[in-house]
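For the record, the sequence lines run as chains E and V. Heads up, the first sequence is in the working numbering, so the first residue is 1 and it goes up one at a time. Heads up, the second sequence is in the working numbering, so the first residue is 1 and it goes up one at a time.
Among the hints, a few may not be true.
What the hints assert, rightly or not - Here are the simulated DSS-like cross-link-like pairs (lysine-lysine), alpha carbons at most 27 Å apart as the crow flies:
(1) E:89 / V:92
(2) E:48 / V:66
(3) E:48 / V:92
(4) E:89 / V:66
(5) V:66 / V:115
(6) E:48 / E:89
(7) V:115 / E:48
Because the hints were derived from the structure by calculation, they are not lab data.
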Amino acid sequence: MACMNEDGQWIVLMGLLAALGLFFLALIINQSALVGQTTAEGVLEFPKNDIRDLRSEIFDYYDDYGPLQTLGYLDDVEEDIVRISLERKNAVVYFWDGPPQDVSGRLLRPVTIHYYNGVTEYDETVYY
Amino acid sequence: MVNDAGQLYTMEGVAAGVIMLLTVYIVISTTSIYTPGDTHIPDMQLEQLGSDVLAMMDTPDTNGTKSALETFVNADDDAGFESMFLSYCNAKASGAADDLHMSANVTYRDGNLIKEHQFLAPDNTWTGRESAVRVTRWVQLDSQPGRTTYAGARAQAVLVEVLLWRA
Chain E
1 MACMNEDGQW IVLMGLLAAL GLFFLALIIN QSALVGQTTA EGVLEFPKND
51 IRDLRSEIFD YYDDYGPLQT LGYLDDVEED IVRISLERKN AVVYFWDGPP
101 QDVSGRLLRP VTIHYYNGVT EYDETVYY
Chain V
1 MVNDAGQLYT MEGVAAGVIM LLTVYIVIST TSIYTPGDTH IPDMQLEQLG
51 SDVLAMMDTP DTNGTKSALE TFVNADDDAG FESMFLSYCN AKASGAADDL
101 HMSANVTYRD GNLIKEHQFL APDNTWTGRE SAVRVTRWVQ LDSQPGRTTY
151 AGARAQAVLV EVLLWRA
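Let's have the full structure, built from the sequences with the hints guiding it.
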């Protein structure tokens, strides 16, 4: 190591730290696209809107329960929902109701909803 | 005789080696380059926007009345449906309106068959290569004697499917 000048070692060391800092910042930018992708794919894959829409359609069905029963269309509309869900949404859907019960002074019907699209399964019993 | 001169040069050499190794690792492990289009973020935003527009259209103004969506579908009114849908989804808080386009189908059950009715044909921006998203909404139609579209006069549940893309 003869004739080598050892001045400025702190400057060299700080230069190294700055380089490492920049390296980690670049790593964070590099990962950001991947983070956005996994989030977006998670949102796209989870059928939140499908399930909400199915629930509101089933509630529409029970809103119209009386007229549909009078005209004899209850089974038809139920079959529409079940078969179109399978054909167009790739989802196994089934729903049924029990006899109306007294819930806090109101006569409500327990409605059980089943939804399964191969990835997400959803079951609930709601008094409607 | 071992002396301790030049320690910093050794450290520097080690640090340079580590940085080069990391660079080579990153270069080799980067087999593809991500662009925003690959990441499905715009698809997610478009799908949520379309679902929200359909939910708005399916909300009646007052309790007991029919929603705009149900009215359009029941009357097979494609022009009214298109104009309301596009005005909702192209609306922006400021600046020029957005440039989204759409087509729509209605799926219904006729006996043992699931059939599709083309509610609204795509406009001339459609080339088949768009990255379109599909949003859907259930609509329940009351029984209406004399109706010839969909499964006829009986009460029925139909699925409105909208294809939405940015031209």
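Numbers of the earlier hints that this structure fails to satisfy, in rising order: Hint check: 1 fails alone, others pass.
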